[in-house]
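Participant: With chain R held as given, fit chain H onto it using these hints.
Protein chains in written order, with the UniProt record's numbering: chain R, 1 to 98; chain H, 1 to 228.
The hints are all genuine.
List time: in silico SDA-like cross-link candidates among lysine to any residue, alpha-carbon distance up to 20 Å:
#1 H:Lys-114 with R:Ala-51
#2 H:Lys-115 with R:Tyr-36
#3 H:Lys-114 with R:Ile-72
#4 H:Lys-114 with R:Trp-71
#5 H:Lys-114 with R:Asn-69
#6 H:Lys-171 with H:Ser-205
#7 H:Lys-114 with R:Glu-52
#8 H:Lys-115 with R:Tyr-58
#9 H:Lys-115 with R:Glu-52
#10 H:Lys-115 with R:Glu-18
#11 R:Lys-74 with H:Ser-107
#12 H:Lys-115 with R:Asn-69
#13 H:Lys-225 with R:Glu-18
Not close to chain H: a few residues of chain R, all C-beta gaps over 10 Å, as computed:
#14 Ala-40
#15 Phe-49
#16 Ala-54
#17 Tyr-58
#18 Glu-76
#19 Gly-77
#20 Ile-79
#21 Asp-81
#22 Pro-85
Everything labelled a hint here was simulated from the structure, so no lab data went into it.
Cβ atoms here follow ideal geometry from the backbone N, Cα and C, with glycine treated the same way.
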Amino acid sequence: MSEENEPPTPEEPENLPETIPIDPRFPNTNQTRYCYVMFADYHRCIQLFDAEHADCKYFQRAYKAVCPNFWIEKWEGQINDGIFPYPLPKDKKSDTKK
Amino acid sequence: MATWNTLLLQDSASPLMEQLTFFHNHALLILLMITVLVGYLMSTLFFNKFNYRFLLEGQTIELIWTILPAITLIFIALPSLHLLYLLDEVNNPLVTVKAIGHQWYWSYEYNDFKKFEFDSYMIPQTNMHPSTFRLLDVDNRTVLPYNSQIRMIVSSADVIHSWTIPALSVKIDATPGRLNQISFLINRTGLLFGQCSEICGANHSFMPITIESISPSYFIKWINKMSQ
Numbered sequence: 001m002s003e004e005n006e007p008p009t010p011e012e013p014e015n016l017p018e019t020i021p022i023d024p025r026f027p028n029t030n031q032t033r034y035c036y037v038m039f040a041d042y043h044r045c046i047q048l049f050d051a052e053h054a055d056c057k058y059f060q061r062a063y064k065a066v067c068p069n070f071w072i073e074k075w076e077g078q079i080n081d082g083i084f085p086y087p088l089p090k091d092k093k094s095d096t097k098k
Numbered sequence: 001m002a003t004w005n006t007l008l009l010q011d012s013a014s015p016l017m018e019q020l021t022f023f024h025n026h027a028l029l030i031l032l033m034i035t036v037l038v039g040y041l042m043s044t045l046f047f048n049k050f051n052y053r054f055l056l057e058g059q060t061i062e063l064i065w066t067i068l069p070a071i072t073l074i075f076i077a078l079p080s081l082h083l084l085y086l087l088d089e090v091n092n093p094l095v096t097v098k099a100i101g102h103q104w105y106w107s108y109e110y111n112d113f114k115k116f117e118f119d120s121y122m123i124p125q126t127n128m129h130p131s132t133f134r135l136l137d138v139d140n141r142t143v144l145p146y147n148s149q150i151r152m153i154v155s156s157a158d159v160i161h162s163w164t165i166p167a168l169s170v171k172i173d174a175t176p177g178r179l180n181q182i183s184f185l186i187n188r189t190g191l192l193f194g195q196c197s198e199i200c201g202a203n204h205s206f207m208p209i210t211i212e213s214i215s216p217s218y219f220i221k222w223i224n225k226m227s228q
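So here's chain R without its partners, still in its complex pose:
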């Protein structure tokens, strides 16, 4: 790193889209479970609220940033076939009654 504090050059953009921050629940090198939990949480979230909910968007950004695309495709196929190995609420109405 340079010792002197140079002012940032004007071409440096300030609005570099940031990725999701570190999740303190998953501080390890192994991020497998983080990906899985984020994916499952997104699908629980969109059934409890809706896909445009801000919290659901966060889960979606998280799992899209961390999970390999071919895992996402596989799991979405499993959800469509009803064999995803994680309890998801059946639909919005049946869950809000509780």
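Facilitator: Below, chain H alone, put in the same frame as chain R:
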């Protein structure tokens, strides 16, 4: 081309690798001093004709040669541990990039912006340009912004590979069914090369990694171009 420089560590491109290079030189210097000292002692003992039949113990010299190595080890262990924990430090990343190992190429996924992915194959010798680095250059380079914290998520689609960039002090296994995370910061622009470091089959030697480190503004331009 093989030059004497290939025996040494590569020029560092990240603050951590810089510190690792310093530590490596520090440890090797201590090693050299010990080797010279012990070599000198051994050679003088071999090539003289002194003898003393009743030499059984010498408390003072034994105390010295027990305590001195212990102190020497402290001087190696403390910076080593310091670096070990520094390497595990996680910072909030600016970009997350996924590297997926395949037999025998790497594919990269950038999903922070618009979702896009590409495969990165080595340029074969028959397709080389004069500017191509033989066995190291790829058709689609991994473009990353410099001076930005980058999170790499490394996994594999078939067998174990290993994603390695020596200039960044990065070496992390790509294991099928598991996501490994590593965080690094590149402090200069340029091309950084690495090769798969886990024997993964016939073309293990021909799946290199090429990082093109560019300024964040050009990185955004590249992202926009790629995601169209």
